[in-house]
Structures are given as structure tokens and as C-alpha cells.
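Engineer: The residues making up each chain are set out below.
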Amino acid sequence: MRFIMKLEYDQDFRLFRYRSTFFWYLALLAASLIVPALLDNYFISLLNFIAIYSIASIGMMLLTGYTGQISLGHAAFLAIGSYTSAVLTTKGWPFLAALPLSGIFAALVGIVIGLPALRLSGLYLAIATMGFAFIVDEILVRWESLTRGNLGIYLSPPSIGPLTFGSEKSFYYLGLAILILTLLAAKNILRSPTGRAFIAIRDSEVAAQTMGVSLAKYKTMAFALSAFFTGIAGSLYAHKVTFINPESYTLLVSIELLVMIIIGGLGSLHGAIYGTAFVILLPQMIILTKDYLPGFLRDQTGLEAGLYGLMIILFILFEPLGLYGRWLKTKFYFETFPLYKKETFKKEKKFYKAERH
Amino acid sequence: MVPFLNELLQTLLSGIATGCIYGLVALGFVLIYKATEVVNFAQGELMMLGAFFAFSFITFLKLPYWTSFLFTVLLMGCLGMLLERVVLRPLIGEPVFAIVMVTIGVGIFCRSAVSMIPGWGTDTLGFRTPFGEKFFRPGELVISWEHLAIIILTTTLIFCLYCFFRFTRLGVAMRATSQNQLAAAYMGISVRRVFSLTWIISAAVAAFAGILLAPITFVHMNMGFIGLKAFPAAVLGGFGSIPGAIIGGLIIGITENFAGVYLPIGWKDVAAYIILILVLMIRPEGLFGIQEKKKV
Amino acid sequence: MSFFRTENLSISFGGLKALNRVSFEISQGEVFGIIGPNGGGKSTILNCISRFYDLQEGEIFFQNQEISRIGPHRVASLGIARTFQNIELFKNMTVMDNLLLGRHRHRKPGLFQEVIFSSGVRKQERKSREKAEEMIDFLDLQAYRDLRVAGLSYGLQKIVELGRALTMEPRLLLLDEPSSGMNMEEAEDLSFWIMDIKEELGITIILVEHNMSLISEVSDRVLGLNFGEGIAQGSPQEVMGNPEMIKAYLGEEGAAIKR
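Going down the list, the protein sequences come from chains L, A and S.
Quick note: the first sequence, position 56, residue 56 per our numbering, numbers continuous.
Quick note: the second sequence, position 78, residue 78 per our numbering, numbers continuous.
Quick note: the third sequence, position 187, residue 187 per our numbering, numbers continuous.
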């Protein structure tokens, strides 16, 4: 086990806790810069989707993992981001302007949602956000003058000045850059009073108010921030796939985002990325192993969804801390080897609830 | 005049019939929620499974309609118990969020499992009912027997459930458990058994709804999405209220149908959710629910 | 005018009148105890001051400002802090993070500066941690600074909650049965801390308690409540010796025996 001698307050809130962490991340950055040269387009495309969805799931993580507000309708923000970017760029606006505006517009809608949502908690909030997403979906289909309804909109790949990011490789660097910026922004928020206020709201709304945290202000802020990042992801998504229509933003997509952060591990930014990678790579892994499966399973289109549902159930039953939790437990095992005790992470026996609240 | 009245009546009746289905699914939600504080997002899928099983009994095993009905309800009851044992029991005491996600996972799994089973798959299937294609014609009006049957059967079921909860020991035990689990345990009520029973009843009610719904929407793996409309119904009625669930369902069903006939396209699909948002903004505890405050 | 004052506080839950025209006044720098049997309304008063409940009748004045209708988070920004009977800590955070939340009302830079983690934010973080460290020293929590609160013992959690309230640098501190669940040692430490809070930190305290020796040791004045009504007000000895109060705690026969 490592101990840090803390001599300055800065050590508490630095980005990297140990010197070695900094070098590991530097190495990771270097590796991620070389990767496109080593892999073929298919894999780079996967990485691109991981980057895009990671930005959205970081947004979700801020709202659900850190502030404890459940949203079953985040696909709506993805859609708003995509459509804003689509409408703006097809009207001639540059991508560099459309991208942040997608985020901002999504954030504004997030505020509109956040305000009535203040009075709701947990379950009711989940249902309300679900309903909200359905309504947005319907608006996108019916407002044909703006969105061309079910016909969809065609977009061109993102371009900044003379550079166009049309190929997988070039898009990769754009996605990577925005992902890193998103991570930095999120990390900074989390080590500031606002981030602590978010976590306070998650852990005890009553105590948070006693500390002067205005639930209204911070819950709305959480929604807005979350929507902002998701909107940016939506814009990137739209320019990557170059064709969008309302069918890409169903309830299933909202659930997917939620699953990403749960499998990754609620309450950690690492988790957002791990979870996203897992959910996106799962279908690929299924395709790879399809050859080894018995005949009647092999040809099913439902196999992917079925395994997906199964994964959700298994993770919640057996690994509620998600992939990041599993990673921490593994690290802990090696750090305390050979004194590790199996019971360290045993779940304590829970009993029934005594009273309604 | 008469054609207009006919149309009005048809819309109303089919609205009530749809509302009954929503109400039944919402009832399932509310039963489980009252007993265990958990919302079962897979309720729609349970309804779908009920429809598929009934289809199989009627089409593959060639059993008569009412026998299939009975068998399906019993079978789904067992499935409900199985679900509770295997998936929900280990999660007692865990945060609500986790349990909700598990039910979502179960729902997704059921849908895809259904798409992979030979004979079911992704097709839209149907079966004959004793009421199909028959109409009741009082005077100049035309009323479909199908809708009437749904309304009558639902009312009967609700009446039976009411008697069960009010007058039988088991029913009272279940009500006690939903108020205060620990106190119920002290009174000698087996809380685990109550949980199992709640899920059995909920699944059976879902199956009931599925069988009734099948002739209208036909049997297919996406039937569960209709279950999503039951959420606004449950919220409208007040999530802890059983009569509320039914009344909420009826209101949503009727509103939806009228929107479909008299409003431009698209309004029918969002009617339920607009009502939902309005309710949550104006009166979150619904028509019959109680607002609860945390005690510090 | 007085530092803190309530007038005719009244609130009912369903048919039960939890508080019935309760009035009292507190001067700056004193320790004001509130005692009474369970269900008497003690915690209800605190919850009304914290604005978790809406009063049906009556007003509350803090430094001559009426606070009977403001939002709960505004109470904190005015300088009123509290602890809870059943601990309301942020269980998944460390002790230090819990204390840092006490500094929330002093924050200055806005969201944008936080996103880029400007030097203003850095300075504020250092200052916040400095203040939190002062509290850690005051309450001897050094060993637990970076531990998750959920893993601490009950008594320690209570102390952390006290620390969190103090980190706010409040002017008025509401303590809701702080000694419940504590052993003799911890309860004695508590009485020293309360005296230190009063004398060194100059904070006015409202103390709701069952522990009579603690009340007599630290309180300047006491209010006795029963069934939501103020029975007696005065020095600890006066209130605890009041025959009505004795009857409230011990019943008719018990009061007879005591005499």
C-alpha cells in the first residue's frame, strides 16, 4: 500500500495523485496518438464510436452517477444536439460554431426539463424523463419543415477551416481531442465546490440544503451540464454517420447510455469510459464468438439484445460497482497481497425496510 | 346524427377497453411497488409473454380458448415467482436504482428471447377468440364484442382482487406488508412469501392483460411498449393506489383514443406522455396517491 | 433587539398539534437548551428553523431578519448550521470532503472558472482546506481525515457531523441530541467541545438534549417542552426542578416519589 506524505493543500486536489499516475496517463496519451497507424479502419471506427458515446456517458455520469438524478430520456439530448448541428451546418454555419451551439441548445432544453423535475425524485424523475424523450421524438417526426421528419437529414463530415475530418483516422483525432477536453472539464468540476455539491445532493438532499446547497440551482445545473455534453456528443455523432433520422434516438438508446454508466461503475469518470467501451464492443465480441455457438443460436438477430439484457442483470447482481469497481478491487488485491481477505468486499446482509421512509 | 353518435360511442368504448388494458398493466406495477418499493419495468414484457403463451396453447396445443386462458395465467404466475426468486430476492435492500435497472434488463432479455424462440420469432401472430368479429347492435348503434369482453373481464378481475385484498387473510397480510415490512414480520407474516405472492399476482394480471390485448394489437414481440403507456396511468392514479391505477388507465385510454380520432396525427402517440408531464408538474402524487415527506 | 427569537410557533401534522404557540428568545453567545419527553416537539422546532417544515402560525427572527418563509438552503447562507438526530452525513464521501461542504456557503468563483480550474478556484480550495483542517484539529479527527464516512463508528460520525456544521463558520448552531448513542467519554468530550465552541468560536448554540447532566453543565438557559407547549423557561435548575416538567418525564406517581 502506498502512502502519500501530504505537505501542501494542493496535493489534495491535484489532477494526478501520484507522480506515477501522471506518467501512466502520458503513456496512454502517446499510445492513443499512435493507434490509428496500427489498426485498420474497422477498429478505428469502433474507437470513434467509443469516443463519441463516452462524451455522452460522461454527461450521464455527472447527472446520474454523481448527482443521483436518474434520466431515462437522455437520447433526447443526443437528438437535440444532432439535429441542431444538422440544421445549422446545412444552412451554412461552420462546424466550429455548430458544435458548441448544439451543446448549448441541448443545455437550454436541459434547464427547461430540470426545473419541473426538481420536485420529482428517483422513480418519478425516471418516468418523467422517459415521457419527455417520447415527446421530443414525436416533435422531431412531426416538425417536418425543420427536421424533414422521418426522411432525415444528410450532413457532411466535420470541417474546421481547411481541414476536413471525413476519414476514420482524421475523425479519430477530432474525437480524441474533444473527449480529452470533456474529461478535463468534468474532472475540474468534480474537484470544485460544484462537484461536491452534486455528490452532496446524491448522498443526502436534506444535509446538502443545510450546507447552503440550493437543490433547485444545482439539480438544474446538473441537468444542463449533462445535456451540454450529451448535445456535443450528438453533434459529433451526426457528422460521423452523416445521416440522421428520429429512429436513431429511441428509448433503447437512453437505456444504453444508462447501462454504460452502470456497467462502468457509477460515480467514476473512468467508469463512464470503461462502460461505454464494453457496451460498444459487446456486439463485436458476439460476432467473433458466433462461430462457436450451436446452430440455432447463431443466426439470431435477437442474440445481441438478449446478451445485453443478461449483462445488465448479471452486473447488477454480481458486480454492482461496475467495471471500475472490479478494477479497484483487483488493484487492492495486488496491493495487499498476500494478506488479502476474501471477505473484504462481501456485501453486508440487508434486511427489509422498516418504514416507508 | 347516428353515424356521429356511433363514432363517438365506438371511440369511447375502444378507449375504455384500451384503458382497461393500461389499467391492468398499471395495476401490476402498483401491486409490486406497494409491496416492495420496486418498479417493474418488465411488466409490459410479462404482458407480451402472456399473449405468446396463450397463442401457443391455442395454436400449437389446440386447446380451447378458456382453457388456454387459465393455463397461461397459471404459467405466468409461476414465471413471476421464478423471477422474484432468482433476480429480485438477492437485491433486497439495494438502492431502488439498481433494482429498476435489473427489471429493465429482464425486459430486454425477454424481448430478445421471444424473438429467438422458433414458432414465435419476430412475426406478428394472432389467435381466434370467442368474441372476434361479433358485434352487438342495440338499435342503430354498433358495439364490438371484443371491447365489451375486455371491459367485462377486467371488471370481474378487479372485483375479485378487491375481495381478495379486503376479505382474505392473505390479502390483509399483503396490505400489512406494504405498509411496514418489519412490523408485518413481527406479526408472523412471512414477508418473503408475500413478495413471491405479489409477483405471482402481478405476472398473472399482466398475462390476463396480454391475452385480452392480443386480438386488438396482435401478438408480437414489441407488445411490451404498450406497457410503457401504463406508467403515465399509474402516475396519474397515484403510484400507491390500486383503484387509481385502473382509473388512470381508463383516463389515458379514453384520452388517447379521442386524440387519435379528433386530433391531427401524432397527438395520439404523445397524449399519454403529455398527461404524464402535466400530472408530475401539477400534482405529482396523482389523483389518489399520498405525498410522503422524509422524517429527519 | 435579540439575537434569535421565535414567536408563537405552531404546526400540526394531520390532527396532531406538534407545536402550540411556542415562543422564546436567545441572546448572542449563550447556550440555550431545549428539553422535554419524546414527542414533545423538540426536533420539530429545529426542523422549523431549518425550514424543512412550514409553520402554520408564528414567526422566527434571526438577527432581526424574519426567516419563517425562506428556502432551507438560505437558512445556511445566513449563518445557521445544524446537526441531525439520525446522522445525515454524505456517506460515500471522505471526512475531509464532508467538512469541505461546510465551506460551500463561502464559495465565490462561478461554474465557468471551475471548469477551467482557475487560480481563483485553487486559492479557494486551499483556503477551504485550511479552515477544514482547523476543525479537524479542534475535534481530533486527524486519523480519519481521508476515510470514507460510511466506515466510521457511530460516535465518530456524530463528531464529523459536528465538524461539518462548524466548518460553515456559523453564528448559530443547532444541535439535535448530539450525545445520543455516545458513551460516557464521548459525551464528556462533547461538553468540553460545546463550551469551547461557545467561548473560543463565539457561536450561539441551541441544544436539544435528553442527557440532563450535559444540559445542566453547558446551558445558560433552558426551555422545557411537553406535547408541543412551552412549560418552563429559565436556568437549567429552575426548569428541571419545575413540577410540571417532572410530571411530564416521570408521570404523576413518579413525581410523587421524587418529592
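One should not assume that every hint holds.
Subject to a maximum C-alpha distance of 20 angstroms in a straight line, what follows is the list of computed PhoX-like cross-link-like pairs (lysine-lysine) [as the list claims (entries may be wrong)]:
{"no.": "1", "chain 1": "L", "residue 1": "K187", "chain 2": "S", "residue 2": "K198"}
{"no.": "2", "chain 1": "S", "residue 1": "K127", "chain 2": "L", "residue 2": "K217"}
{"no.": "3", "chain 1": "S", "residue 1": "K131", "chain 2": "S", "residue 2": "K198"}
{"no.": "4", "chain 1": "L", "residue 1": "K331", "chain 2": "L", "residue 2": "K346"}
{"no.": "5", "chain 1": "L", "residue 1": "K341", "chain 2": "L", "residue 2": "K329"}
{"no.": "6", "chain 1": "L", "residue 1": "K6", "chain 2": "S", "residue 2": "K131"}
{"no.": "7", "chain 1": "L", "residue 1": "K331", "chain 2": "L", "residue 2": "K341"}
{"no.": "8", "chain 1": "L", "residue 1": "K342", "chain 2": "L", "residue 2": "K331"}
{"no.": "9", "chain 1": "S", "residue 1": "K108", "chain 2": "S", "residue 2": "K91"}
{"no.": "10", "chain 1": "L", "residue 1": "K346", "chain 2": "L", "residue 2": "K329"}
{"no.": "11", "chain 1": "S", "residue 1": "K108", "chain 2": "S", "residue 2": "K127"}
{"no.": "12", "chain 1": "S", "residue 1": "K198", "chain 2": "L", "residue 2": "K346"}
{"no.": "13", "chain 1": "S", "residue 1": "K108", "chain 2": "L", "residue 2": "K6"}
{"no.": "14", "chain 1": "L", "residue 1": "K169", "chain 2": "L", "residue 2": "K187"}
{"no.": "15", "chain 1": "S", "residue 1": "K91", "chain 2": "L", "residue 2": "K6"}
{"no.": "16", "chain 1": "S", "residue 1": "K123", "chain 2": "S", "residue 2": "K108"}
Sample of chain L residues facing chain S (criterion: CB under 8 angstroms; computed from the structure) [stated by the list, open to error]:
{"no.": "17", "residue": "F13"}
{"no.": "18", "residue": "K91"}
{"no.": "19", "residue": "W93"}
{"no.": "20", "residue": "P94"}
{"no.": "21", "residue": "G149"}
{"no.": "22", "residue": "I153"}
{"no.": "23", "residue": "P157"}
{"no.": "24", "residue": "I189"}
{"no.": "25", "residue": "I199"}
{"no.": "26", "residue": "A200"}
{"no.": "27", "residue": "V206"}
{"no.": "28", "residue": "T210"}
{"no.": "29", "residue": "M221"}
Keep in mind that the hints were calculated from the coordinates and are not lab data.
A virtual CB, placed ideally from N, CA and C, is assigned to each residue, including glycine.
Engineer: Next step is simple, just say for each hint if it's right about the structure.
Structural biologist: Verification of the hints:
no.: 1; hint: L:K187 <-> S:K198; result: violated, 39 angstroms
no.: 2; hint: S:K127 <-> L:K217; result: violated, 24 angstroms
no.: 3; hint: S:K131 <-> S:K198; result: holds, 18 angstroms
no.: 4; hint: L:K331 <-> L:K346; result: holds, 16 angstroms
no.: 5; hint: L:K341 <-> L:K329; result: holds, 11 angstroms
no.: 6; hint: L:K6 <-> S:K131; result: holds, 16 angstroms
no.: 7; hint: L:K331 <-> L:K341; result: holds, 13 angstroms
no.: 8; hint: L:K342 <-> L:K331; result: holds, 14 angstroms
no.: 9; hint: S:K108 <-> S:K91; result: violated, 26 angstroms
no.: 10; hint: L:K346 <-> L:K329; result: holds, 11 angstroms
no.: 11; hint: S:K108 <-> S:K127; result: holds, 12 angstroms
no.: 12; hint: S:K198 <-> L:K346; result: violated, 44 angstroms
no.: 13; hint: S:K108 <-> L:K6; result: violated, 26 angstroms
no.: 14; hint: L:K169 <-> L:K187; result: violated, 27 angstroms
no.: 15; hint: S:K91 <-> L:K6; result: violated, 24 angstroms
no.: 16; hint: S:K123 <-> S:K108; result: holds, 11 angstroms
no.: 17; hint: F13; result: holds, 5 angstroms
no.: 18; hint: K91; result: violated, 29 angstroms
no.: 19; hint: W93; result: violated, 24 angstroms
no.: 20; hint: P94; result: violated, 23 angstroms
no.: 21; hint: G149; result: violated, 36 angstroms
no.: 22; hint: I153; result: violated, 31 angstroms
no.: 23; hint: P157; result: violated, 28 angstroms
no.: 24; hint: I189; result: holds, 6 angstroms
no.: 25; hint: I199; result: holds, 6 angstroms
no.: 26; hint: A200; result: holds, 5 angstroms
no.: 27; hint: V206; result: holds, 5 angstroms
no.: 28; hint: T210; result: holds, 6 angstroms
no.: 29; hint: M221; result: holds, 7 angstroms
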